[in-house]
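Could you build all of it, start to finish, from the sequences and the hints given here?
For the sequence shown, position 45 (counting from the first letter as 1) is numbered 94 according to the numbering used here, and the numbering increases by one without interruption.
The reader is advised that the hints may include incorrect statements.
Said to hold, decoys possible - Within a straight-line C-alpha distance of at most 27 Å, the following computed BS3-like cross-link-like pairs (lysine-lysine) qualify:
id, residue 1, residue 2
1, Lys121, Lys257
2, Lys257, Lys55
3, Lys225, Lys421
4, Lys261, Lys54
5, Lys121, Lys89
6, Lys176, Lys121
7, Lys267, Lys257
8, Lys175, Lys267
9, Lys521, Lys486
10, Lys154, Lys89
11, Lys121, Lys152
12, Lys55, Lys261
13, Lys108, Lys121
14, Lys513, Lys480
15, Lys225, Lys507
16, Lys66, Lys299
17, Lys308, Lys154
18, Lys309, Lys404
Simulated from the structure, these hints should not be mistaken for laboratory data.
Computed from a prediction, not measured in an experiment: that's the story for all the values here.
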Amino acid sequence: MANKKKEIVLSLCSCDKTISLNFRSISKSMMDQGVTRVIKSDRLCDRDGISDIHYHLKKNPDHLIIAGCSNKNLFYEILRYSHFPEENVSLVDIAVLSDWVHKDKDEATEKAKRLIFQEIMNVENKKDFEPDEDMKEVVVSLGMGPLDDLVIFGRVESCPSYRFGACSICADNCPKGAISGMLSINSDLCNGCGICISVCPLGILSSKNQEKLESKMKSMLKGFVEKKLISPKHMMKTPVMLFVCDNLSKMTLYGVGSKKLSYPADILPIPISCLSHVNLDDILMSFVLGSQGIILFACDSCKKDSKKYIEDLERTFSSLFQKTSLEGRLSVFRSNGRDPDQFHEYLVNFFEKIKSMDRLDIPNIDEFSGNKREDLILMLKTMLDDVSSDIKVDGGLLPFGSIQINEGTCDLCGECTRACLTNALVIKDEKLVFDHKLCIGCGACVKNCPSSSIELEKVIKVSKLFITDIVK
Numbered sequence: 050m051a052n053k054k055k056e057i058v059l060s061l062c063s064c065d066k067t068i069s070l071n072f073r074s075i076s077k078s079m080m081d082q083g084v085t086r087v088i089k090s091d092r093l094c095d096r097d098g099i100s101d102i103h104y105h106l107k108k109n110p111d112h113l114i115i116a117g118c119s120n121k122n123l124f125y126e127i128l129r130y131s132h133f134p135e136e137n138v139s140l141v142d143i144a145v146l147s148d149w150v151h152k153d154k155d156e157a158t159e160k161a162k163r164l165i166f167q168e169i170m171n172v173e174n175k176k177d178f179e180p181d182e183d184m185k186e187v188v189v190s191l192g193m194g195p196l197d198d199l200v201i202f203g204r205v206e207s208c209p210s211y212r213f214g215a216c217s218i219c220a221d222n223c224p225k226g227a228i229s230g231m232l233s234i235n236s237d238l239c240n241g242c243g244i245c246i247s248v249c250p251l252g253i254l255s256s257k258n259q260e261k262l263e264s265k266m267k268s269m270l271k272g273f274v275e276k277k278l279i280s281p282k283h284m285m286k287t288p289v290m291l292f293v294c295d296n297l298s299k300m301t302l303y304g305v306g307s308k309k310l311s312y313p314a315d316i317l318p319i320p321i322s323c324l325s326h327v328n329l330d331d332i333l334m335s336f337v338l339g340s341q342g343i344i345l346f347a348c349d350s351c352k353k354d355s356k357k358y359i360e361d362l363e364r365t366f367s368s369l370f371q372k373t374s375l376e377g378r379l380s381v382f383r384s385n386g387r388d389p390d391q392f393h394e395y396l397v398n399f400f401e402k403i404k405s406m407d408r409l410d411i412p413n414i415d416e417f418s419g420n421k422r423e424d425l426i427l428m429l430k431t432m433l434d435d436v437s438s439d440i441k442v443d444g445g446l447l448p449f450g451s452i453q454i455n456e457g458t459c460d461l462c463g464e465c466t467r468a469c470l471t472n473a474l475v476i477k478d479e480k481l482v483f484d485h486k487l488c489i490g491c492g493a494c495v496k497n498c499p500s501s502s503i504e505l506e507k508v509i510k511v512s513k514l515f516i517t518d519i520v521k
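See the structure below:
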C-alpha cells in the first residue's frame, strides 16, 4: 500500500517587505513539489498573520514550514497556543541565508527554494525510528545523568568487539571514554554525541537521535536539479557544501546574514545538531552528488566534545586523497559565535580557491544500497580509480586492513575465518582467500589464530582493493 502523502503548509513572510525575494515564484515551485497550502504575509507576527497560522493549524497538517526571519520565540509561542507539536515545525530563515547575502535577486530566490525544498524532503523522508529485529539496546538513558531519553541500539552479534573483543574503533573515538570492550557503553559517561555511530565501519550502531544527511544533501544538490525547479541559467557552477553546527557556528552564519555580508549563492548550508553526526561516508557522498568543496563549520567549544573527532575526520580525508583531484577541497573552520567578519572572509576565500581548481568529474553513482560498508567501497572505487599506490591513512577513521600469512605455521584450521564477521577471510577449495575491501582491520583473525600465523597492517592497498588474493 502506498504511503499517504503528507500535508505540508508553507508560511512565507516578507518581514514587512525587508525580504525582496520573488515569493510568487517560490510559492509556485513549492506547490509543485508537495506543499499543500501556502500562506503569504508581509507580517506573520502581527494579528492577521497569527490568525492565518491558527486557521491553517486547526486543519491539523502533518507539518508547518515557516520561511521568513528567525523570530523563533514568537513563532513557538504561537504554536504552543495552538497546541501544535513543535517537532512538526521547521523554520527557514530566507532573510539571513538568502536574500540579505546574495546580491542577484534571481539567485537569492533560487537559493531560498533550495532551502525550503530541503525541509520538504526532510518531512517526506522522515520515518519513525524502528530498530531491526536483530538489534539490542546497548545504552539506555531516560532523563538520567547527562542524557535525556537516549537509546542506542546495536547488532551485537555482528560486532567484532562484542563477539571477540577485537575491534575498538568506537571506543578509541569516544570523547568521554564511555565505551569498553564487548560493546559496553556506560550511560553515566555517555554524552550522546553519536560519534560511535558515525565511526562504526559496519553500521552496527543506531539511534533515533542520529541525523541522516543523505536526504539533505540530495535536496540541495542532485535531487533539486532532477525536480527541474532550477532554470539553466541558475544551475550551480561551483557548489560548496557548508555543514553548520546548530550552536555557535549557526550564530556566526546568521551574524554574516544580519550584517548583510555578501557571499556566492553556490555555498549551500546544511544545518545539523552537531558535526559529530557527519562521517566520512557523508563527505564522500557529497562529492559524488556534485559538491566541489566542503566546509565543516564547527564550534570552537563543542558541547559534545567532538573537536578531536572533527580533526581526525579532516586528517583521514586529507591523507586518503593527497595528490588527487580531491586534495584541498575539505576545510574546517571553528567559530566562537562572535566572528562573522572573520568567517565571511574565510568563506569567500575558500570559495575562490575551489572555483580556481579544475572541476571535479566524479562518475555518477545511480543508487546507494544503504549498507554502510558497501556504499563506502562503491564510492572509493569511483574516487580512487586513478590511484595506484598503497595508502597509510592517518586519522584512524577509515578502517581497512591487509594481512600476511606465515605459510610455514598456518595449517588452515579455519579459526580465522570463523572469527571474521565480514567474510574478508574464507576457505575456498582448500585455500585461504582474502578480500581486502571487506577487511575492517579489527584484528579478530589475529586474536583467534592458535598458531599466531597472521600479521595485520592498517593500510589500504589500492591495487588489491577490488580483487581477492589467495594468501595460503
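Inset, instruction - Take a quick look at whether Lys66 and Lys299 sit within 27 Å of each other, Cα to Cα. - result: 24 Å, holds
Legend entry - 27 Å Cα cutoff - pair Lys257, Lys55: With Cα atoms ~20 Å apart, Lys257 and Lys55 stay inside 27 Å; holds.
Inset, instruction - Assess, step by step, whether the Cα of Lys121 is no farther than 27 Å from the Cα of Lys152, and give holds or violated. - result: Status holds; Cα separation ~26 Å.
Legend entry - Hint consistency between Lys521 and Lys486 [alpha-carbon to alpha-carbon, up to 27 Å]: 18 Å, holds
Legend entry - Pair hint outcome, Lys108 versus Lys121 [Cα-Cα no greater than 27 Å]: Holds, at about 22 Å.
Inset, instruction - With a cut-off of 27 Å on the C-alpha distance, tell me whether Lys55 and Lys261 pass. - result: 19 Å, holds
Legend entry - Pair hint outcome, Lys225 versus Lys421 [Cα-Cα no greater than 27 Å]: 25 Å, holds
Legend entry - 27 Å limit on alpha-carbon distance, applied to hinted pair Lys121 and Lys257: It holds: about 24 Å lies between the C-alpha atoms, which stays within 27 Å.
Legend entry - Agreement of Lys176 and Lys121 with the hint, judged by alpha carbon distance not exceeding 27 Å: 25 Å, holds
Legend entry - Proposed proximity, Lys404 with Lys309 (alpha carbon, max 27 Å): 22 Å, holds
Legend entry - Distance restraint between Lys154 and Lys89, which requires alpha-carbon spacing of 27 Å or less: Within the cut-off at roughly 19 Å; holds.
Legend entry - Pair hint outcome, Lys261 versus Lys54 [Cα-Cα no greater than 27 Å]: Measuring from Cα to Cα gives roughly 21 Å; hence the hint holds.
In the structure shown, no violation is registered for any of the earlier numbered hints.
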